[in-house]
Every structure is written in structure tokens, then in C-alpha cells.
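Engineer: Spelled out, the chains give:
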Amino acid sequence: MSVTARAAQGHPSGDKRFKMLDARMRRHQHSPDALLEILHGAQELFGFLSDDVLVYVGRGLRLPLSRVYGVATFYNLFSLRPKGEHTCTVCMGTACFVKGAGEILAAVEAAHSVKAGSTTADGKLSVVVARCVGACGIAPAVVFDEEVSGKQSRETVLARTRGWTGA
Amino acid sequence: MTGDELRQIAENETARRRRCKHRVGVCMAAGCQSLGAERVKAALESEAQSAGRGSEVEVHGTGCLGLCHAGTMVSVESASPDGTPARKLYERVDALGAAELVSHLVAGGPEPADRRVPADSPFLAKQTRIVLSGSGEIDPERIESCIASGAYSALERALSEMTPAEVIQEITASGLRGRGGGGYPTGLKWATVAKAAGARKYVICNGDEGDPGAFMDRSVLEGDPHRVLEGMALAAYAVGATSGYIYVRAEYPLAVKRLRTAIQEAEKLHLLGNRIFDSAFDFRIDVRIGAGAFVCGEETALIASVEGKRGAPRPRPPYPAASGLWGMPTLINNVETYANVPAVLTRGASWFSSIGTQKSKGTKVFALAGKIRNTGLIEVPMGITLREIVFDVGGGIPGGKKFKAAQTGGPSGGCIPAHLLDLPVDYDSLLSVGTMMGSGGLIVIDETSCMVDVARFFMEFCRDESCGKCVPCRTGTVQMHRILERITRGEGRPEDLTRLEELAELMGATSLCGLGQGAPSPVLSTMRWFRDEYEAHVKEGRCPAGSCTMKAPAVARPAGREVRA
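For the protein sequence lines, the chains are A and B, in the order given. Letter by letter, the first sequence follows residues 1266 to 1432 in the working numbering. Letter by letter, the second sequence follows residues 66 to 630 in the working numbering.
None of these hints come from the bench; they were simulated from the model. Computed from a prediction, not measured in an experiment: that's the story for all the values here. We put the beta carbon where it would ideally sit given N, CA and C, even for glycine. Do not take every clue at face value.
Unchecked claim - Across the chosen pairs, the derived CB separations fall in these ranges:
| no. | chain 1 | residue 1 | chain 2 | residue 2 | range |
| --- | --- | --- | --- | --- | --- |
| 1 | A | A1424 | B | K466 | 27 to 33 Å |
| 2 | A | T1421 | B | R265 | 47 to 53 Å |
| 3 | A | D1316 | B | Q329 | 33 to 39 Å |
| 4 | B | P489 | A | T1421 | 54 to 60 Å |
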């Protein structure tokens, strides 16, 4: 049985999301150079890239796990750990930096006892630092889940994150 | 698709535009969207409907209108008696503003004058818009709207009237230089790829705008994607490529969405695909999405990333022009470079080269940000002085603070201090003062920011973004960052400044790619112009700007316990 045929059978767990991942790989003809696209897709489906998913993608694209793991860990946007229910992304681009993004980040970290790049113990909030979300005109910018909000302050950001965590 | 059919689409669209008295464009770029542009657009539509004048007012989304901090921006194009549409720009439009605006347009109500941006305001008057000419006028999500404003007409003309060599000749004659930062002559690059031998050739558009504080490419891709696609198609025709990729940052989901729509629409009309304009020219474009790695803006790293690998650069030569994507000759240019191409071919090389300075032709798009009143997107002719950009177009520094420096070129660039405010902004002048044009981020720093801290900020960025392939960059950025951090904590030592200079020289000379070679630039540049600030930190234990939390003046450290940097 060829590798591709094996992958096409889905995952032994019966998780439907693997079928959807198969469909994405088929759309790229299981081409190894589609690795980034497939990992993006996998992260959308699963929220993060577990070892299981990485192995599955490697098989599907006929790539060694070392290559898949190497790429998944190289790029900042791929997460190998589950994210919190909500994500607060503080932009630390230059424009936001000179307008006080550092203080906003410090306030969020202190208020929720969490370090940038990690998730609160109750799994409710992930705090992430972005390199630049390109919203420099309305700096400092903070992204709440998917929604970019400009001209933020310590107070406005904490109001949102506290609303999520109930803290 | 033939040229006549293209013109027919344009005519139909123009006729459609004429039927409505007012065309209202709501800025749908990322900045305004986050300030509620969707709601403003809906309010404008419903106000026009409820006034019973829905057919007179066309409300459409459009690209970045420039004044991002004063969003939501709205442009109004009204038919005037002599047929030429008059355009007005409004800022800070909210639901209330939308109601006032519609009542002014259809019911003769008073103009919301306090929201009007005067046409003679320096913000508008000092700009020359080539790349951004469509932003505000077109609806980027409708190809017909772009065609009516001239999209694909340059491609049609090139395919029917010009040989590839003539296209290259025109680009060379225009003096266009790469807008990604380096300023390499575009015509020369195209000619090299055209001459290179290979079974296939590729055209890549670098949209991995990673410089923090820069959002020009984002705005162009979101506001006028067809301009970039057309530029790429012209480049492909000139160099003999049949396949192209646009590499866009994953942080720009809206740009990705608009590009995908644009490519689909262009394919539907056979403006991309096989036998474009019934010529023998085939060209396809795929979008590739990055995953958050600054180093992928370096061309060889970007190519590795398109191939689905880690974005690690490789030594050059061979340059991508000889051996790029999958080992084939590859043309790689920045978004803004491609966006200039259709205008050069439509209006001619001599028109283009009449704008700018002797060695830097045309315009440059800048993202103005930081401590400046008019934060947003501007396009100015090359050679404009920094003073004009900051104080006229940018409106000066808010809060009565003093201008201290402007940072250009991102983490590979440097600062321009106040005494050089009259410097003309072009590739060579910027290089001569130790910074560079870069992709166009221009961040204004006022007296409240500490320059050592700014240098530390950029070094931290480079440290985190170093891919780790070459030693000078991997360890050099860590060492330099440690020293800078120590200085900003008030624990700097007298020998630190010499150490920084030594490391900077070493990294600049021996790093593999532009990231490592350029990483010391912000440090060298701030040391050159603001050495007194460094010395105040190290020798006097104080931060002149008052932004670093300094420790109490350090007591002399016990000898022999040298903590390794």
C-alpha cells in the first residue's frame, strides 16, 4: 500500500478533522512544497500542531518528520501547544513600541500572572507578542482574538482581558 | 479577452459610475476597519436608502486613504456640471458623520465641514500618488472598477505592441529602482533574468513586509491588488516566465483574501492564465503565505519558504536571477516595485524619470508612524526633504514635544537626527548618513524616547528573528543585546561602547545575509548621532530622555569578577 493511500484512509481515531486535512493535502496533490500551507490548514482545524498531526502531515506529504518538525518550529506562527480560549496579541512593532506597547504588555502579564507566549493556568487566556500587525497608523494596537483594536491603553486592554477571564 | 473587450468593460463601468451622482468610497484598509469602517459603510448605505436616493449614491469599499489615525476615512466623488468628477476627502466619519454626509449630498444639508480634509492641506498637496493612485478611487474587490481606472491596459499594450526586450528597455530608461530597500536598478535585474538560461523561469513578488512599523505593502495589496498582479505579468512577459508567486505575511489576512479574489477574477476574464489577450503569453500566479519569520524577507530565504522549507538564507552567488526557485532563474521584486511598473509603461519612462532626483526616480510610499500627528500612509516624490515629510505632510510632533530623530530602514536601518532634517530623502542621501531607504517605514521619535532603548529594541528584534544558520548573527545579536540591555538598566561599563563597535563591525562583515549584516546598523547609527546619550548612561548612570529605569549609580565592581557579556 502506498504511503498516500494509507494517509487517505484517515486517522485511526476517526476524528473527522483528519479527513478535512486529507482533502487539503489532495488539493495540493500531496506535494511536499505545500508543507507551509498544510500546516496553516492543520492549525486552523486543530488550533495547534500536536505531534500526532505533525506525523500525519509528514506521511501525507511524504516528508520525514524531521523536516515537518523543523518547519513547524522555525516559524513563529505555528504553535505546538494548545492555545487558550481567547488570545490577546500585543503588537510590539516599532510604532507601537514608541507609543507604550511595552507598558500594556507588562500590565497584561501582571494582571493575569502570565508571561507573553504562554497561556493562563485555567486555559482562558493566551498572551502573545506580535512583531508588527501593520496597524502602525493606529498604534498602539492590540488584537483581541481576531479583531484588531487601535489606540489602546492599559485600561482598555485590561477591561477586555478581564472580561474574558473574569479576574 | 481582447483589448476591445477590456475597453468595453471599462466603458460600461464608467457609464455605470456616471449614472450615480455621488460615489462614496469608504476606506476598508486595516486601520479604518478596526475603527469601524464596516459600520460606517452600512450607515452610509442605509441613510441613502432611507432618503430614497439609493440610486444616486453609490457606496463602495476602497483602499487606504492615508490618514489612518483619523479613520474612518471617506472619499466622495461627485459629478460636476462640466463632467469632471470633483473629489473630497472626509476624516473621522462615524455613524453620525455618515448621516450628515448623506443629508449634505442628497438633501442639501450643511456640509460636515469639521470632518472635511481641505484639498490644499499640506498632507495632500505635497504628495504625488502613482502607486497609491487607485486607493480611494477603486473598489479593490471588483475587477471592473480597477479596469475602469486603467488596470491591465499596460499589459494589453505591451503584449500587442512591444517585445519583451522593449519592455525591459522602458523599465531601464525609467530609472526605477527596487523599492524593497536596496535600491537595485529594476531594469538591470530584469535584463539579467531575461538573459539567464533555464527550462522554466519564475517571477516572485516579495510581500513579506516584516519591518516593524511598516505597512506600505499591506496597503497596496489591500487597496489595489490588480496593480501588483499586472506588474508581475509584465515582468513575467519581459523575462520569459510563465509562473509566479506572491509571498504574503500571514499577519495580513485581509491582503491575502483580496489577492485571492483578485487572482480569481483576473483568471475568469483570462487576464491571467493561458494565452493572455490572445497572445502566446501564459502566466499564472499563486499566493504563498508566510508563517511569521522576518528573515523570509531576504530573497534566498523567501525562496526556501516558497519551496515549503525553513526560511534560512543561503550564500549568494549564485543570485536568484541565475538559480532561484527550484534552481531556476527567478525574478524577485518587492510589491511596490511591481506596482510602479504599469504606470511606467502607460505613461512612459520619460514621464516617470521626470519625478524624483537624479539617481532616485519616481516616488516612494512611506508608512508614517510614531510620535507624529498624521500617522498613516503617504506617497511622496523622491528627494523631498525629511522636514517636509515630518512637519508638512506629517503635521509635526503632537503634544508640543521636540523632534529627536526619524528611524528608517527598520532593524537594518538607522536614525536621522534633527540637524539633518533638510536632507533630501533618496537612496543615496540616506546611505550617506548611515541609514537606508528600506521598504518605507518612517518612525518619528520625540524627546521622550531614549535612543539606547530604541537600539536595544531593534537588537532584541534581530536576536529573536535570527534564523541561526550563521554564527556571527546568531551569537552576535545575543551579545550585542546583552550589552545594550545592561546599559539601559544602568549597569553599563566604560568598555561597552568599544565592545559594541567591535561586534558591529564583525557582524556586518561576516554575517551570511542582510539580517545579520544590517542588525548592527541601528546601534552604529544611534552611537554616531547620540553618543552623548550612551555616555550619560554608562558614565553618569542617567537616562537623558528619562525613559530607562536606571539603577542607582553603580558602585565599583570588585576587580577580577568580570561577568561575561
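Engineer: Determine for every hint whether it applies to the structure shown.
Structural biologist: So, going through the hints one by one against the coordinates:
no. : hint                          : in the structure
1   : A1424/A to K466/B: 27 to 33 Å : holds, 28 Å
2   : T1421/A to R265/B: 47 to 53 Å : holds, 52 Å
3   : D1316/A to Q329/B: 33 to 39 Å : holds, 36 Å
4   : P489/B to T1421/A: 54 to 60 Å : violated, 40 Å
Checked against the numbered hints given earlier, the structure breaks only hint 4 and satisfies all the rest.
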